[in-house]
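**Q** This is what each chain is made of:
There are 2 protein chains.
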Amino acid sequence: MSSTPTHRVFNFSAGPAVLPEPVLQEAQRDLVALPGVGMSILEISHRSAVFDGVLERAEADLRTLTGLGDDHHVLFLQGGASQQFAMVPMNLLPADGVADYIVTGSWAKKAAVEAEKFGRVNVCATTEADAFTRVPSSDELHPTPSAAYAHLTSNNTIVGTQWPTLPEVGDAPLVVDASSDLLCRPIDANRCGLVYAGAQKNLGPAGLTVVMVRNDLTERAPESIPTMLRYAVAAKHGSRYNTPPVFAIYLFGLVMRWLRDMGGLSAMETRNRRKAGVLYDAIDRTGFYRGTAHPGSRSLMNVTFRLPSEALEQQFVTEAAAAGLSGLKGHRSVGGQRASIYNAFPEAGVTALVDFMVEFERVHG
Amino acid sequence: MSSTPTHRVFNFSAGPAVLPEPVLQEAQRDLVALPGVGMSILEISHRSAVFDGVLERAEADLRTLTGLGDDHHVLFLQGGASQQFAMVPMNLLPADGVADYIVTGSWAKKAAVEAEKFGRVNVCATTEADAFTRVPSSDELHPTPSAAYAHLTSNNTIVGTQWPTLPEVGDAPLVVDASSDLLCRPIDANRCGLVYAGAQKNLGPAGLTVVMVRNDLTERAPESIPTMLRYAVAAKHGSRYNTPPVFAIYLFGLVMRWLRDMGGLSAMETRNRRKAGVLYDAIDRTGFYRGTAHPGSRSLMNVTFRLPSEALEQQFVTEAAAAGLSGLKGHRSVGGQRASIYNAFPEAGVTALVDFMVEFERVHG
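Here the protein sequences line up with chains A and B, keeping their order.
Counting in my numbering, the first sequence runs without a single skipped number right up to 404 at its last residue.
Counting in my numbering, the second sequence runs without a single skipped number right up to 404 at its last residue.
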């Protein structure tokens with residue numbers, strides 16, 4: 040669009056995070072008026088035929104990418120994962136039931152604490168004693184027989200851990216907060232009772248929450264909970280009980296199309312393993328950098344590491360930013376560095392960071 | 040931005056609705072990378088200094104436009120007015136209290152029905168017997184002594200009515216659903232306990248809900264309600280307890296700046312009265328068109344009218360759309376025509392509609 044090339048930095052933010060540049064360019068080109076429509080996507084009715092098409096294509100592409108079948112609804116909601124922390128127990132946890140929570144980090148813990156407002160919660164595994172630097176092994180899980188559901192966080196942005204594969208949790212429906220790794224690799228969503236994700240890492244912009252939920256689970260909720268918090272209401276109305284976040288759904292659709300163009304989730308996993316592998320290799324090469332997460336639990340999305348001193352860590356972040364590598368400061372609760380390299384993060388940015396790390400170590404090591 | 044002129048129709052949609060063209064153009068220009076930032080507004084952290092500035096300016100401009108003082112919080116939320124239908128009683132209605140609801144249309148009724156889930160509701164006035172074609176007069180209001188609050192809908196999009204001024208409701212805090220007319224004219228928000236509005240009519244895109252709430256009222260809520268539904272949590276965290284809808288807040292800020300550039304709310308009221316006046320004059324000129332709302336309750340935002348037959352109404356909508364006048368079909372529950380002419384709707388579009396109406400009457404009258 041622009042006659043001058045647009046300067047963009049490498050954005051390692053944990054979220055909201057980098058989006059695919061072709062997606063941004065298409066959104067920019069059509070922002071004032073969608074071709075053939077004569078209005079902006081920001082102005083069209085959520086009940087128009089144009090938006091029907093946008094929403095249907097977005098959902099169909101998500102189903103194609105994940106293999107999700109007709110036994111699950113796809114819902115486009117608002118409020119982020121934090122609102123799901125309440126909606127999951129309000130909808131799925133009966134008064135006389137108990138829900139299992141696997142606690143692998145701050146967000147998993149917040150989900151469990153919120154659920155306690157609405158029913159009985161059993162923390163069936165936690166790695167807090169290890170400062171959440173790993174996820175539990177299968178023999179550390181102690182599922183409650185006939186739990187209403189079992190909840191876990193598939194990727195933990197703060198410490199930088201990720202389940203290598205989703206664990207077995209017995210007969211309870213598995214509920215997955217996949218906010219920070221959904222679509223980074225193939226996912227057997229059909230096996231899950233419910234998968235939810237705030238969009239602002241791998242899926243699109245902030246302001247959209249995507250939920251895949253098994254049809255029968257939406258029927259559990261009592262009518263007494265707020266209408267807007269009932270999955271059944273969103274399901275019945277095709278995510279349009281009231282006005283949904285139209286632009287965010289449109290952009291989500293463009294991201295789904297980009298993922299298909301990139302070859303789908305297997306191709307994305309290969310690319311993500313390559314990106315993360317290059318970074319972890321750089322961390323492990325000498326003793327100068329130290330990875331935060333246990334090797335078997337390392338995240339493909341959030342690569343966390345420390346330097347020999349906090350002073351050097353501070354300097355690293357400052358000099359990296361000056362070199363066009365933005366957002367490398369770790370979460371305040373763990374310190375150090377965090378490089379978030381979600382699906383849309385370009386391989387060139389990983390190379391640039393590795394080059395910077397090598398040079399930084401050469402000068403300060 | 041574009042080298043070819045962008046074709047835009049006149050968009051009379053009830054919402055999501057037309058946005059100011061300068062706002063769309065600025066958003067388009069900066070969509071791939073904000074100047075000096077090197078990332079899109081769709082990609083920046085909600086905890087970055089850049090977004091701090093966006094949010095602070097947006098709030099400051101809203102306060103300047105409305106004269107809102109420090110006794111009120113400004114909150115940027117999600118879920119639309121429908122989520123407020125639950126949040127208002129969950130936060131403000133004690134177990135032993137009662138809330139007054141003035142029912143002037145479908146949305147007001149939905150608000151009252153939702154509130155009944157959470158406490159005692161008294162419909163202290165309704166114009167349902169008149170098919171909601173007017174708002175109540177002051178002597179039709181029967182406020183409950185010591186009500187927890189009194190709720191009303193300031194503009195009713197479906198039938199096309201609007202309170203000429205906000206009524207007196209006794210000592211109870213006035214709670215106003217201003218989704219479809221906020222900032223169409225000056226508002227004494229300081230007098231209100233709480234004002235809420237989905238953004239997608241006068242304020243910005245879908246996916247953002249703006250709330251102005253008296254500080255002390257946020258303290259009423261029990262901690263047992265969902266964290267994300269507590270006004271106090273949003274207030275304490277500056278609307279960033281979790282990731283807010285960053286892009287929608289940015290666009291809201293651009294709309295606030297446009298309103299200031301246009302001369303503020305008094306100038307906007309003058310312009311809106313001129314726009315609506317021209318249309319109502321065209322309706323009243325002969326007996327061919329008939330206004331739906333009582334003259335004393337006519338809306339500045341949604342102008343509703345009927346034609347001599349449903350066949351003619353159908354033809355009117357079809358021919359108008361072909362002439363670049365989009366979205367004139369009335370709500371399915373009342374039929375007829377509806378021309379939504381929110382703040383951003385251009386005066387040229389009103390002139391074009393009047394010309395079309397005159398010609399349509401000449402041919403079919």
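If you are wondering where the hints come from, they were derived from the structure by calculation, not from laboratory data.
None of the values given here were measured: they were computed from a predicted structure.
Heads up, some of the hints might be wrong.
Identical copies carry no separate label here, and so any pair may be met within one copy or between two of them.
[As the list claims (entries may be wrong)] When the alpha-carbon atoms are kept at most 20 Å apart in a straight line, the in silico SDA-like pairs for lysine to any residue are as follows:
1) K149 / N254
2) K148 / Y280
3) K156 / A361
4) K149 / A170
5) K156 / P261
6) K275 / V402
7) K149 / K275
8) K156 / E262
9) K149 / I197
10) K149 / G363
11) K148 / R313
12) K368 / L107
13) K368 / F399
14) K156 / S348
15) K275 / D323
16) K148 / D169
17) K156 / T204
18) K148 / P59
19) K275 / F395
20) K148 / G302
21) K156 / Y280
22) K149 / H276
23) K148 / V272
24) K156 / S145
**Q** Taking the hints in turn, state whether each one holds.
**A** Status of the hints after comparison with the structure:
no.: 1; hint: K149 / N254; verdict: neither (26 Å within a copy, 26 Å between copies)
no.: 2; hint: K148 / Y280; verdict: between (31 Å within a copy, 16 Å between copies)
no.: 3; hint: K156 / A361; verdict: neither (46 Å within a copy, 55 Å between copies)
no.: 4; hint: K149 / A170; verdict: within (15 Å within a copy, 47 Å between copies)
no.: 5; hint: K156 / P261; verdict: both (16 Å within a copy, 11 Å between copies)
no.: 6; hint: K275 / V402; verdict: neither (61 Å within a copy, 44 Å between copies)
no.: 7; hint: K149 / K275; verdict: between (29 Å within a copy, 17 Å between copies)
no.: 8; hint: K156 / E262; verdict: both (18 Å within a copy, 9 Å between copies)
no.: 9; hint: K149 / I197; verdict: within (13 Å within a copy, 41 Å between copies)
no.: 10; hint: K149 / G363; verdict: neither (34 Å within a copy, 51 Å between copies)
no.: 11; hint: K148 / R313; verdict: neither (31 Å within a copy, 56 Å between copies)
no.: 12; hint: K368 / L107; verdict: neither (36 Å within a copy, 37 Å between copies)
no.: 13; hint: K368 / F399; verdict: within (15 Å within a copy, 64 Å between copies)
no.: 14; hint: K156 / S348; verdict: neither (41 Å within a copy, 56 Å between copies)
no.: 15; hint: K275 / D323; verdict: neither (51 Å within a copy, 42 Å between copies)
no.: 16; hint: K148 / D169; verdict: within (14 Å within a copy, 53 Å between copies)
no.: 17; hint: K156 / T204; verdict: neither (30 Å within a copy, 41 Å between copies)
no.: 18; hint: K148 / P59; verdict: neither (31 Å within a copy, 43 Å between copies)
no.: 19; hint: K275 / F395; verdict: neither (52 Å within a copy, 39 Å between copies)
no.: 20; hint: K148 / G302; verdict: neither (35 Å within a copy, 49 Å between copies)
no.: 21; hint: K156 / Y280; verdict: between (26 Å within a copy, 18 Å between copies)
no.: 22; hint: K149 / H276; verdict: between (30 Å within a copy, 16 Å between copies)
no.: 23; hint: K148 / V272; verdict: between (28 Å within a copy, 18 Å between copies)
no.: 24; hint: K156 / S145; verdict: within (17 Å within a copy, 33 Å between copies)
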